[in-house]
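J.: Sequence:
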Amino acid sequence: MIARLIFELVILTSGLSIIIYELITTVAEMI
1 MIARLIFELV ILTSGLSIII YELITTVAEM I
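In UniProt numbering, the protein residues as written are 1 to 31.
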């Protein structure tokens, strides 16, 4: 149960970091 929660949390955070990375690169290209 706990392992599953940690696993899902890792997936969420990695997905968020990818989205943030995409946003940063998009903004960097505009500058």
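By construction, these hints were calculated from the structure, which means they are not laboratory data.
All of these numbers come straight from a predicted model, not from anything done at the bench.
Beta carbons: idealized from backbone N, C-alpha and C, even for Gly.
There's no promise every hint is true.
[As the list claims (entries may be wrong)] Have a look at the derived ranges for each label pair, beta carbon to beta carbon:
(1) Ile-2 x Met-30: 39 to 45 Å
(2) Met-1 x Met-30: 29 to 35 Å
(3) Ile-6 x Val-27: 28 to 34 Å
(4) Glu-29 x Met-1: 41 to 47 Å
(5) Ala-28 x Met-1: 38 to 44 Å
(6) Val-27 x Phe-7: 29 to 35 Å
(7) Met-30 x Arg-4: 26 to 32 Å
(8) Leu-5 x Val-27: 28 to 34 Å
(9) Thr-26 x Arg-4: 43 to 49 Å
(10) Met-30 x Ala-3: 37 to 43 Å
(11) Met-30 x Val-10: 41 to 47 Å
(12) Arg-4 x Thr-25: 42 to 48 Å
(13) Ala-28 x Phe-7: 39 to 45 Å
(14) Ile-24 x Ala-3: 29 to 35 Å
J.: If a hint holds in the structure, say so; if it doesn't, say that too.
T.: A quick look at each hint next to the structure:
1. Ile-2 x Met-30: 39 to 45 Å: Taking Cβ atoms as reference, Ile-2 and Met-30 lie about 42 Å apart, which means the hint holds.
2. Met-1 x Met-30: 29 to 35 Å: Once the Cβ atoms are compared, 44 Å apart, the range 29 to 35 Å for Met-30 and Met-1 is violated.
3. Ile-6 x Val-27: 28 to 34 Å: At 31 Å between Cβs, range holds.
4. Glu-29 x Met-1: 41 to 47 Å: This hint holds: roughly 43 Å between Cβ atoms.
5. Ala-28 x Met-1: 38 to 44 Å: holds (41 Å)
6. Val-27 x Phe-7: 29 to 35 Å: holds (31 Å)
7. Met-30 x Arg-4: 26 to 32 Å: violated (40 Å)
8. Leu-5 x Val-27: 28 to 34 Å: Check passed, 33 Å falls within 28 to 34 Å.
9. Thr-26 x Arg-4: 43 to 49 Å: violated (33 Å)
10. Met-30 x Ala-3: 37 to 43 Å: holds (41 Å)
11. Met-30 x Val-10: 41 to 47 Å: violated (31 Å)
12. Arg-4 x Thr-25: 42 to 48 Å: violated (32 Å)
13. Ala-28 x Phe-7: 39 to 45 Å: Violated: the Cβ-Cβ distance is about 32 Å, outside 39 to 45 Å.
14. Ile-24 x Ala-3: 29 to 35 Å: Between Ile-24 and Ala-3, where Cβ atoms are some 31 Å apart, the hint holds.
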